[in-house]
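S.K.: Construct the complete structure from the given sequences, taking the supplied hints into account.
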Amino acid sequence: MDCEQLAPLYEEYALGVLEAEERAEVEAHLARHCAQCTPGIEKARWVVAQLAHVSPEAQPPESLKGKILDAAKASAKVSEFSKPSPPSRAVFPIWAWAAAAALALLTGYSIRQMGNQSTQLAALRQQMRIAMLQNKALQDQLEVGRQIAYVMTSPESMPLKLMPKDKNMPMVHAYLHPHMGVAITAEQMPSMPAARTLQLWFVPKTGKPMSIAIFHPDTQGQIAVIAPVNMPRNEIAALAVTEEPAGGSPQPTSNPAWMAQVN
Amino acid sequence: MLLAVVQTWREGNQPTDASLMERIVQRDAAALETLYDRYARPVYSLVLRISQQPASAEEIVQDVFMQLWRNAKHYQATRGPLEPWLFTVARNRALDFLRLKREKQRRREDSVDFDLRPSAVVQPDPEGAMDQSRRAQKVRTLMNSLPEPQRRAIELAFFEGMTHSEISTAIGEPLGTVKSWIRGGLLRLRESLEEAGS
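Protein sequences appear in the order of chains A and B. Numbering follows our numbering, with no gaps: position 168 of the first sequence is 168. Just add 263 to the spot in the second sequence (first one is 1) and you have our numbering.
Honestly, the hints are just simulated from the structure, not real lab data. Glycine included, C-beta positions come from ideal geometry on N, C-alpha and C. Please note that the accuracy of each hint is not assured.
[As the list claims (entries may be wrong)] Rough simulated footprint, nothing fancy, chain A against chain B, three-plus residues with beta-carbon under 8 Å:
(1) 283-295
(2) 353-366
(3) 417-431
(4) 443-451
M.R.: Right under this line is the structure:
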């Protein structure tokens, strides 16, 4: 497919309406970093995105903004505190409570010194709230870690090695558990731009691949993900990981970067 | 030219998306709040239209804005405006949710009707989003001007994530007709937006 043939398909490609074969041809062309078609596709993505405005206007719940801002602030605090030397997961909750206690003592002292009790109490409540959110985030992280460890060590799990297409890339390990889902782990993964993501697919013996999880390596290049599985093990032909645009794709748009057959 | 027009549309009294993204890199939650105020409504509307479930739509929107917060340092204003990125991420997440839901339904042979309406219909924001509002109106006018089957075909592609052949089956029209409708409709949309941006 050359540029002239591809140009009328820009918007249809961006809309995701092309069939697999046609989409693959467009992808193959774009993979050559075509100077004419790449900006054409970017513009088409903008045009297609405007169809969002056809949605009936709806007001998000009042509480949603607060949830997002609280989560953002909590994650910023966690990042700040964990910068000097990342502590182990197990000590996080104790540390968070210790931090909360220290902040409470400090705030109490300030109250006595400044005599402005109401302002200081408000600050204390805010700091306690942040500490509790940090604690909750870390507890969640710990719980995910526990689940992954359980799936990795369970005799019911089927371990799989997803081999990289590029031999310089690390191997991705998957553990398929009949009830808990699939755990994915990897180390020394290269960092990825925000505009791209990794997407895990289950390839059934018949039918189209099913998206299972979208993930990024963390700042240390590690992946530790657990996701539910809605496909019986005997129907799965293979597991594959592809690189996709941010937010993931309805169906794979590139060849698998990692893959494992399921026997 | 169209992208350049859109990239500068926030210039004036309001901070641009790019300047807000720079502040988010510095962990400025107030900048995230401004972007939320700017885009939460259309993003939520889109996700709710696709997912049809307010609780799930809320989770997806939270996920989208947290991704924005976490990955702001990778944002490159030169590569295009923020709005389509947000819409694209939100659409993909919502379509993923929709497919999982359908798959579960298929497996259970369940026929639960998820036809929930939006939680509230709102009036357009009177200030601060005139260009966005004008563009939105342009898109709605164009879509409303299309014959119903053509509009339906485009909506099935955008909101349901269907391919040409799936749409052809869903609406019982020949594949060639469906392709022609979608291509023609998208061409008119592009021309209409270019006209609005010039």
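S.K.: Going through the earlier hints one by one, which of them does the structure break, listed in rising order?
M.R.: No hint contradicted; all consistent.
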